[in-house]
Amino acid sequence: MTSSSPNYLQQLEASLELFIENVRQLGIVVADFQPQGQPALNQKITTLVSLMQDISAVRPHVEDIQVPLEVCDYIDEARNPQLYTKDCMEKALAKNEQVKGKIDAYRRFKALLLVELGKVFPHEISKYRAYRGENGVATSPHPSMQMP
Amino acid sequence: MFANSLDEIYPNMYDGRRPGEYSPRRPGENSSPRAGGRSPVVSRPDTTGTLKTTISLRSTPAIVHSSHSGPFYLLKDNIKTEPVLTGATNMMLHYNLEHTFNKFIGRKVKDKLSAFLPSLPGNINIPVSADGTGDSSLRKVIQQPPVGGKELTLLSGAQLAGFRLHPGPLPDQYRTVNFQALKKKKHKKHKADTPGNETSTLGGGVGGPAMITLAAGPEGPFGSEAEKKHKKPKKHDEEKKKRKKDKKKKKRHSPEPGAPTTPLAPSATSMQIQ
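Quick mapping for you: the protein sequence lines, in order, are chains W and Z.
Letter by letter, the first sequence follows residues 1 to 148 in this note's numbering.
Letter by letter, the second sequence follows residues 1 to 274 in this note's numbering.
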C-alpha cells in the first residue's frame, strides 16, 4: 500500500466517482427514453468507455494495495467501512491489554519464584541473577555458565 | 535442575563410564556427525568449567557428562539481548496509531455508507439484500471476477447504433429500487417545497436527497408527528387568508361601508368552508 502514489489513488477515486455518476445519469436517460436523447445516450456510453480506459490505466499502479475481505462485507451491507477499522482497533486494543496482563502475571510469578528459590538455593540464584541480570535479560555471558 | 544432584538422581546415567573418559577428537577427523561418532561440540577445550553433555548412540545409548562444574544446565547460551516486541508494549504508541485511535474511538463514526462516501451520487445506503438484484455485491465480484484482460476501445458510430433505444418508459420489472427511491424523494420534495412547510425539510434535507428515504425509516413516527404539528398552523394560515379575502369581497360588494361586518365575518367564512 505504501508504494502506490497518492496521486494514482486520487486519480482512481475521481475516475470511479465520475463513472458512477455517468452510470446513474445513463440509468435516468434510459428509464424514460426519448428519441431526442439518443445523442446524449451515445455520449454517455462513450464517456463510460473512456472512464473505464482511465481506470484500467491506473490499475497497475494500485495493484499492491491489499484490502481486507471483511471490508467488502461492510460495504455490501451499506455500512461505513471506517467501522471495520474501528472494530479492528478495538479488538487489537483488547488483545494488547489481555496479553499485557498475561505477561505482567508471568513477570510477577517469575519474581516470586526467584525470591522463593533464593531462599532455598541462595548461592545458585545469586549466580543466576548475576548471569541473567535482575530483569532476566543477560547482560554479559558469564564464563562459568556457557554451554558448549 | 542442578548438575550436582544428577549422580544421585540418575546413578546409571553414565553406563559405567565417568565424565572425561572420551578421548578428544583425532586430528583430521571429519567434523560432520556420524553414526556412533562423537559430537564435534565436545572437542572444545574444557577451560571454563562448562557443563558438557554427550549423547551416546552406540549399543547402549546413554547421556555422558564430560564435566559439570557449573550450577546450571539446560541454560541457553544464545540469549537474545535485544528487546523483543511483545504484547506488554502499547502497540498503538509503538506503531504511531494514536491519532487514528483517537479518531475512531473518541468520536462516534456514522453507520451509513454515505457518511464515508459523501461525494457519491444517488442513494448508496441500500444493502445488497434489499437491492432487488442480489448480485451486486463486492464479495461476488471478488469470488467470481468478471471477464477482463481485453483492450478497451471506444465505440465507433456504427457500433453505437446498436444502442438505439425505443422511446418510452422502462417496464416496471426492469426498474431498479434506486429509481423508485428517486421518485419517492421527488414526491416528498414537492411536499416539502410548499410554502409554510420549510422547517419540515430540515430532517431529511441536511444529508441531501440520498438521506431522505433512509432517514424516514427510523424517524418515521417522530417525523409524522412533526409534520402534523406543522400542518395545523398551515390550516390556520389558509383560513386566515380566506377570511381576509372574504372580508375584502364583502367590503367591495356591501352597499353600506360603515356596516359592522367584523363580528359576522368569521362565522360566514366558517360556513363557507364547511
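Honestly, I wouldn't trust all of these hints.
[Said to hold, decoys possible] Straight-line Cα separation of at most 16 Å, EDC-like style, residue types lysine to aspartate or glutamate; simulated pairs: (1) Z/K103 to W/D87; (2) W/K86 to Z/E82; (3) Z/K140 to W/E70; (4) Z/K140 to W/D73; (5) Z/K150 to W/D73.
[To be verified] Only part of the chain Z face toward chain W is listed, based on derived beta-carbon distances under 7 Å: (6) V84; (7) Y95; (8) G106; (9) V109; (10) L138.
Keep in mind that the hints were calculated from the coordinates and are not lab data.
Please read these numbers as outputs of a predicted model, since none were measured by experiment.
Ideal Cβ placement from N, Cα and C applies to all residues, glycine included.
Tested hints:
no.: 1; hint: Z/K103 to W/D87; in the structure: holds, 13 Å
no.: 2; hint: W/K86 to Z/E82; in the structure: violated, 32 Å
no.: 3; hint: Z/K140 to W/E70; in the structure: holds, 13 Å
no.: 4; hint: Z/K140 to W/D73; in the structure: holds, 10 Å
no.: 5; hint: Z/K150 to W/D73; in the structure: violated, 28 Å
no.: 6; hint: V84; in the structure: violated, 10 Å
no.: 7; hint: Y95; in the structure: violated, 10 Å
no.: 8; hint: G106; in the structure: violated, 11 Å
no.: 9; hint: V109; in the structure: holds, 5 Å
no.: 10; hint: L138; in the structure: holds, 4 Å
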